[in-house]
Structure formats: structure tokens, C-alpha cells
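Participant: Protein chains in written order, with my numbering: chain L, 1 to 115; chain S, 1001 to 1111.
Don't take each hint at face value.
[Stated by the list, open to error] Once the Cα atoms are required to be at most 25 Å apart in a straight line, the calculated BS3-like pairs of lysine-lysine come out as: (1) K71/L / K57/L; (2) K14/L / K70/L; (3) K1055/S / K95/L; (4) K9/L / K71/L; (5) K95/L / K1054/S; (6) K1055/S / K1068/S; (7) K14/L / K83/L; (8) K95/L / K1053/S; (9) K95/L / K57/L.
[Unchecked claim] Sample of chain S residues facing chain L (criterion: CB under 10 Å; computed from the structure): (10) S1030; (11) A1031; (12) I1043; (13) V1044; (14) A1083; (15) C1087; (16) A1088; (17) S1097.
Since the hints were derived computationally from the structure, they do not count as laboratory data. Yeah, the Cβ is synthetic: ideal placement off N, Cα and C, and Gly gets one too.
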Amino acid sequence: DGGITQSPKYLFRKEGQNVTLSCEQNLNHDAMYWYRQDPGQGLRLIYYSQIVNDFQKGDIAEGYSVSREKKESFPLTVTSAQKNPTAFYLCASSKVGQGYNQPQHFGDGTRLSIL
Amino acid sequence: KNEVEQSPQNLTAQEGEFITINCSYSVGISALHWLQQHPGGGIVSLFMLSSGKKKHGRLIATINIQEKHSSLHITASHPRDSAVYICAVRWVETSGSRLTFGEGTQLTVNP
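One chain only, chain L, in its complex shape (with noise of 0.2 Å):
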């Protein structure tokens, strides 16, 4: 079956550390995307890429980087320039066409916990 895979599901970070999380997909799809998750607010956008070896910035990009060096892999490192790491770290995938109205496909997400 065809779908996205982050993990870890759950990491914790001491404070000062970079973490990367992992997003995979099987669905030949082009574009990926990380958002972030916090209580009471909705997903917020840290970076995509619609082509390999393409990204660009979404809405909250500082503190985090991403690479897109193959077309299933969009990896996600948060920082230690990220002063407040702590949320619920989603991965997402779609086709690109018709205009780029696709559906996007989500991961189960990564939890993340600064000890």
C-alpha cells in the first residue's frame, strides 16, 4: 500500500541539540510538505518543495531546515536556532497538476518533546 511514513513517532531533544525527522513516501508524488501543529492552532507551513532539489519557505521556516535530495525523502531538522521546538510535526505529499489543486496526502506525525 502506497502512503507517507514519518518517524520517530515520538523523539525528545535536550535543548542545544538538532533533530531530524523523517518523512518517506511511495506515492510517486512530487510535491512535499512539513507543517507544524500547536493546541488550539492550525497547521502552519515550515517549508515545501515541489520538485527534487527544490524548496521553499512556508510561513514559519526560521529555525528549521530541509533537504529534497530524492523524490520519496523530504527530511526535516529542527535546530537549535528553533526556540520553541515542542509540537506535533506533520508531513504531507500531493501530485502537482490541474492547476495545483490536489489533495494532500498526510503522515501520522512526529511528536516532539524538549527534556
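Starting from the structure of chain L, add chain S where the hints point.
Facilitator: Showing chain S alone in chain L's frame:
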């Protein structure tokens, strides 16, 4: 600032009731999505629509482009429908495929 507003924030219903969740947005869109987030956090796409109405099982989504408003209806609600329902839009002026999300509606259906 372009905004997406959902109402109500929280909704409790008895099994079998007809449920309506509303979504309003501020400017023109090219598509509106309804999503369902389960208690564990995973999100499933329910509908994507740009006009009219779509139906899937007990779920119905409608959109009124002139009024900038969409509704998600659940007929004969069941406890397994308990989840957070999220509205998201792609603005007409957006380049690319990025979406803006509402804060979600927490639905609880009691047996």
C-alpha cells in the same frame, strides 16, 4: 491577512444526530479541502471542492463561492466520527500548492 475561520470550535452530539461544521474564508480561493484528524494525530483528506457539493457515504461537503463559505455535514453521526475536522484553502493568488488551514472543529459523538 487571508484567513480561514471554522465554527464551532467544539461540538458534542448524540449518536444519530445530523451535524454541520462551517468554514468561512476571507478572499477568493481555487480549492477548499476538508480533512479529518484522528485522536492519534493522523490526518485523512475527506474532500476537495471548488464548487457545488460532494458526497461520500454519510459525509456531504458544500461550498458557496459567492458567500465564501463551506459546510461539512455528517448524517446519522456515530461515535467513530469523533475527530477534529479541519478546513483548508488554496488562495487564488497563491503560486504553487500551499494551503492555509483553519483551527479545526473538535467533534465528539456520544453513544
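Participant: Work down the list of hints and note, for each, if the structure agrees.
Facilitator: Hints versus structure:
no. : hint              : in the structure
1   : K71/L / K57/L     : holds (18 Å)
2   : K14/L / K70/L     : violated (29 Å)
3   : K1055/S / K95/L   : holds (23 Å)
4   : K9/L / K71/L      : holds (22 Å)
5   : K95/L / K1054/S   : holds (21 Å)
6   : K1055/S / K1068/S : holds (20 Å)
7   : K14/L / K83/L     : holds (12 Å)
8   : K95/L / K1053/S   : holds (23 Å)
9   : K95/L / K57/L     : holds (19 Å)
10  : S1030             : holds (6 Å)
11  : A1031             : holds (4 Å)
12  : I1043             : holds (4 Å)
13  : V1044             : holds (7 Å)
14  : A1083             : violated (13 Å)
15  : C1087             : holds (9 Å)
16  : A1088             : holds (8 Å)
17  : S1097             : holds (4 Å)
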